[in-house]
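Asks: Be aware that the sequence shown starts at 1, since it is given in this note's numbering, and climbs by one per residue.
Be aware that one or more of the hints could be misleading.
Straight line, CA to CA, 30 Å or less: simulated BS3-like cross-link-like pairs of lysine-lysine [stated by the list, open to error]:
hint: 1; residue 1: Lys-43; residue 2: Lys-5
hint: 2; residue 1: Lys-158; residue 2: Lys-3
hint: 3; residue 1: Lys-191; residue 2: Lys-3
hint: 4; residue 1: Lys-191; residue 2: Lys-235
hint: 5; residue 1: Lys-5; residue 2: Lys-191
hint: 6; residue 1: Lys-158; residue 2: Lys-5
hint: 7; residue 1: Lys-43; residue 2: Lys-3
Please keep in mind that the hints were generated in silico from the structure rather than gathered at the bench.
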Amino acid sequence: MLKLKLAPQHLDSGPIEERATFGTLQVFADGRCFTEGVAPDTKELLPGPRVSGYHLAEWLAWNWWRLRWEARPSETVGREWGFSHCLSSIGEGYVWPNIEISSDGVNVIVTSTPTIDPAAGLYRYVGASAFVVMAATDLEAAIDSFARSMLDLLDDAKADTNLHHIWRDLEREQRDADATRLRRLEARLGKDPDEIAPERLRSAIEAVRDLGPDAVDELAAHAGAHGDTTVISTKALSDTAEEVGSDANPQDAVELHANHDSLPVFGEVRAWRLGVSTARALRRQQALDGQPIDNKRLSSLAGTRAAALTARHAQASHLSFMLAAGGRSRVALRSNWETGKRFDLARLLGDRLLGQDEPLLPATGAYTYRQKAQRAFAAELLCPYEALCEFLGQDRSEERCEDAASHFNVSPWAINSLLLNNEGHRGAPTF
1 MLKLKLAPQH
11 LDSGPIEERA
21 TFGTLQVFAD
31 GRCFTEGVAP
41 DTKELLPGPR
51 VSGYHLAEWL
61 AWNWWRLRWE
71 ARPSETVGRE
81 WGFSHCLSSI
91 GEGYVWPNIE
101 ISSDGVNVIV
111 TSTPTIDPAA
121 GLYRYVGASA
131 FVVMAATDLE
141 AAIDSFARSM
151 LDLLDDAKAD
161 TNLHHIWRDL
171 EREQRDADAT
181 RLRRLEARLG
191 KDPDEIAPER
201 LRSAIEAVRD
211 LGPDAVDELA
221 AHAGAHGDTT
231 VISTKALSDT
241 AEEVGSDANP
251 QDAVELHANH
261 DSLPVFGEVR
271 AWRLGVSTAR
281 ALRRQQALDG
291 QPIDNKRLSS
301 LAGTRAAALT
311 ARHAQASHLS
321 FMLAAGGRSR
331 VALRSNWETG
341 KRFDLARLLG
351 DRLLGQDEPL
361 LPATGAYTYR
371 QKAQRAFAAE
381 LLCPYEALCE
391 FLGQDRSEER
401 CEDAASHFNV
411 SPWAINSLLL
421 NNEGHRGAPT
431 F
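Kindly produce the complete structure, drawing on both the sequences and the hints.
Replies: Set out below in structure tokens:
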């Protein structure tokens, strides 16, 4: 649970919205206070800084769509992303918490870090670095509750503010299915409301008919992660499938029967847990134990031919995908390396087993819930962690990890990520 709380205090001067909403701010995530700090004059430990809640509520309302739907880039985040996801960017003369909010579309991660410079500022945040993963709906509820409490204070002061106008527009958009689709696409593309030319968004919305709404969302997140505002078109995907793809027949692909009812439901658990559980269920069903999966078996499970994993093309696809159109299916794999093709084909297999049934199944570089679940599935399917540990024994040297990569026919990156996620991570898998 996330809670934003303001304890009102008196402010002698300033605009009416500042005075009406001034007080001590506290941010709680999963019961932990993320705003504790020390005042430089008294050295007293305080529950939070004194700020005007108006500016926080306005920032939350304006950035609502991006906070709710924009995935964190896999690379180092830029200033623009930080302006929409980091409370410290709010400014307006106050020392805001070092809190970042990022979303994968299903869950949000709230990350807090202390003030780095001990001599910095009017208020120094002293809590330990921490993060909490929660349902995105908890973020929605927290923003709604805080914004409404600030609006009540402003109404009591008879102040008609920009926050009133932004909040009314937001509520109207949330009630309108078409407006919601538009704003969600903008956010996935990493842009503010009305920042993208309407014709670009129109082509993406039109692609929904051919590719499916969830697939287009994933394509938008992929584009946004690369700083692009154009969603790849149906025609471009079809052309790529013909040029560098291979025939596929989803009806020949494996169906998951064993323990299917006991598997986690999409969105109800962390993405990595869903992916790993599904991969383990498939391995049990197919009696694979901890053995490596060769190309013939993997391609058969995915409903395509082994040649798809070894073919090389002068011009590779920008992403891996399976596309059903015109009564046939084609699979295109981005990498020109066999291990990369194997990993992405396993991702596409996992995507279908996780319940996706739209014409397009994309495996992208974005860090959405769906893509994270795919990656976790592929890693566990191709190189089960328990089997990896048995192969490595107590030896975690680079040479032994390379031997493991060769044994399971995966990349050294996959081996390192598996070990990091299971033995050295702090809760957020890298896949």
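Asks: All hints are to be evaluated individually against the structure, with a verdict given for each.
Replies: Status of the hints after comparison with the structure:
A C-alpha spacing of about 23 Å is found between Lys-43 and Lys-5, which places the hinted pair at or below 30 Å, so the restraint holds. Proposed proximity of Lys-158 and Lys-3 is supported: the alpha carbons are some 26 Å apart, at most 30 Å. Taking the CA atoms of Lys-191 and Lys-3, the gap is near 26 Å; set against the 30 Å cutoff, the hint holds. Proposed proximity of Lys-191 and Lys-235 is supported: the alpha carbons are some 25 Å apart, at most 30 Å.
For the hint linking Lys-5 to Lys-191, the alpha-carbon distance of about 28 Å falls within 30 Å, and the restraint holds. With a C-alpha separation of about 22 Å, the suggested pairing of Lys-158 with Lys-5 holds against the 30 Å cut-off. A threshold of 30 Å between alpha carbons decides the hint, and for Lys-43 with Lys-3 the separation of about 26 Å falls inside it, so the pair holds.
In terms of the numbered hints stated before, the structure departs from none.
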